[in-house]
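Undergrad: Sequence:
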Amino acid sequence: MEELDRRIASLLAQDGRLSYTDLGRATGLSTSAVHQRVRRLEERGVIRGYRAVIDHEAAGVPLTALVSVTPFDPSAPDDIPDRLRGLTAIESCFSVAGDENYVLKVRVGGPGELEVLLGEIRAAAAVTTRTTVVLSTPWEDRTPLAE
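In terms of this note's numbering, the sequence shown has 99 at position 99, counting the first letter as 1, and numbering is strictly consecutive.
No wet-lab data here; the hints were simulated from the structure. This one's a predicted model, so the numbers in the text were calculated from it and none came from an experiment. Glycine residues also receive a C-beta, built at the ideal position from the N, C-alpha and C atoms. Any given hint could turn out to be false.
Simulated DEER-style distance windows between Cβ atoms [to be verified]:
# : residue 1 : residue 2 : range
1 : Pro144    : Ala123    : 16 to 22 Å
2 : Glu115    : Glu43     : 43 to 49 Å
3 : Thr31     : Arg85     : 39 to 45 Å
4 : Pro81     : Pro144    : 38 to 44 Å
5 : Arg17     : Ala124    : 33 to 39 Å
6 : Arg122    : Glu43     : 28 to 34 Å
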């Protein structure tokens, strides 16, 4: 990816509402040149969408946990992500190397909701779980693009 495209993607990752004019000022490009580059980044799938940044505490889901899952039967088909897709408290599902097969990032209202969710995960996917509760988040969602 060209350096200017990397810069544009980085700026939009920080603030998806930047106008083409503001992007042009920040990169030294004309508004139309920035528009074309953004369109190409979207077409190539570098920019996959734009979204709001949610304050999870204000939204009523202040507790974040990482849930590692391992199937009861390692020889069973690996359909864990499909089985868990309907559980909306699961924000992300990562396939990992190591002792576990997947790590789930979940957000819930409190310990009681986490306990219920863990039961739902175990029942839906026939897995064992190991849970780590996040105490604080010094930073999150960094975009590793050069500026």
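Undergrad: Against the structure, test the hints numbered earlier, and report the numbers of the ones violated in rising order.
TA: 1, 4, 6
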